Amino acid sequence: DTGVSQDPRHKITKRGQNVTFRCDPISEHNRLYWYRQTLGQGPEFLTYFQNEAQLEKSRLLSDRFSAERPKGSFSTLEIQRTEQGDSAMYLCASTPGRVNTGELFFGEGSRLTVL
Amino acid sequence: AQSVTQLDSHVSVSEGTPVLLRCNYSSSYSPSLFWYVQHPNKGLQLLLKYTSAATLVKGINGFEAEFKKSETSFHLTKPSAHMSDAAEYFCVVTPYGQNFVFGPGTRLSVLP
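First to last, the sequence lines map onto chains C and E. Per my numbering, residue 1 is the first one in the first sequence, and the count goes up by one each step. Per my numbering, residue 1001 is the first one in the second sequence, and the count goes up by one each step.
Isolated chain E, as found in the complex (with noise of 0.2 Å):
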């Protein structure tokens, strides 16, 4: 079975300042992870994937993750946050291609 952990259920940063937001996997196959973001009344946006090819995958609007096999982790950064990158980010774990699975999502809020 496969399930996704998002540590944080709220991270609050200043404009400018470093993101980070923690997912760790379970999966018992090789799996395909994605970020995906949720703007207020907006559908969910893919930000990034990994399947199985560079393990630092980058997305839009700055956002990076990088895929840690022995750590089971995929958290997603940006070096400097903007008001606009406010919202719910989702991570996702799919072992086949078939079943996508979401994390409980962590809410990110930019401070002026």
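Looking at chain C on its own, in the form it has when it is part of the complex (with noise of 0.2 Å):
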């Protein structure tokens, strides 16, 4: 299977804990998205990364949210001191970055849990 893949698909974790997901995009695709969903609401961007460099970050993104993809495929999103409000779907994308014309390919999410 080469579409997008995320690790772990489900992570129940306690309040105050870190947590790390990791998504590896299609390979030719140099732009990747980070994304969280609750449940009955749409997707809300996080953060997008071009390659290596990250090129926008949402004022959702708390100080506690980091985001890296440092050679410019996989990507890793970090929570640090969860919250229980942390809990959704993180959802990761990629593109091949055309303007304008670009298809996000989503992976099936990792479901956080924080009790």
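These are calculated hints, taken from the structure and not from any lab test. Keep in mind it's a predicted model, so treat the numbers as computed, not measured. Idealized CB from N, CA, C, for every residue including glycine. Certain hints may be false.
[What the hints assert, rightly or not] Only part of the chain C face toward chain E is listed, based on derived beta-carbon distances under 7 Å:
1. G42
2. P43
3. L60
4. E68
5. F74
6. E103
7. F106
8. E108
Make one complex out of these two single chains by using the hints.
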């Protein structure tokens, strides 16, 4: 399968713990996005990368959140000192990056539950 | 700033009847517009996209959408609903093909 893969698919953690999610995009895609989706809502943009450069970061992304894409391939999203409000599905998507034609290819998401 | 309004949070139709899911957008620039579908416990999938070519866009599974700049709308339609169309549908706008802004979604139910 050469689609976008995310790991882990499910994570249950206690409040205050740190968690890290990994996303492996489609190999030739140079743009990578992170979104967060809560129940009954549309995906909310968190951040995106063009190759290894983080080009935009949402105000939703507090200082407890950090994302990296060190070699322009896979990306990690770390949440420090998790809170119950962080419980959500974290979605990763990639795209070839052609302006105004980009289709987002989504992974199946990483579901976080903070107890 | 760009934003998307989906006028109905839930639409219910009978199998075999037409589907209309409404979307209005706000964008400072000529946007690209998309409809994505999310089936239960599945990843988001692109249905169709408008990128400044033909204003009537055809997508997968018999869906289509018409871009109307004067109305800032991009409504999704299908002539005849199938049970398999039951899902959550998201309208998406991107002014530059960079940040993709999702609407809140419309849940489509199809009754037998």
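Hint-by-hint comparison with the structure:
{"no.": "1", "hint": "G42", "verdict": "4 Å, holds"}
{"no.": "2", "hint": "P43", "verdict": "5 Å, holds"}
{"no.": "3", "hint": "L60", "verdict": "12 Å, violated"}
{"no.": "4", "hint": "E68", "verdict": "19 Å, violated"}
{"no.": "5", "hint": "F74", "verdict": "18 Å, violated"}
{"no.": "6", "hint": "E103", "verdict": "5 Å, holds"}
{"no.": "7", "hint": "F106", "verdict": "4 Å, holds"}
{"no.": "8", "hint": "E108", "verdict": "5 Å, holds"}
Consistency with the previously given hints fails for numbers 3, 4 and 5, ordered from lowest to highest.
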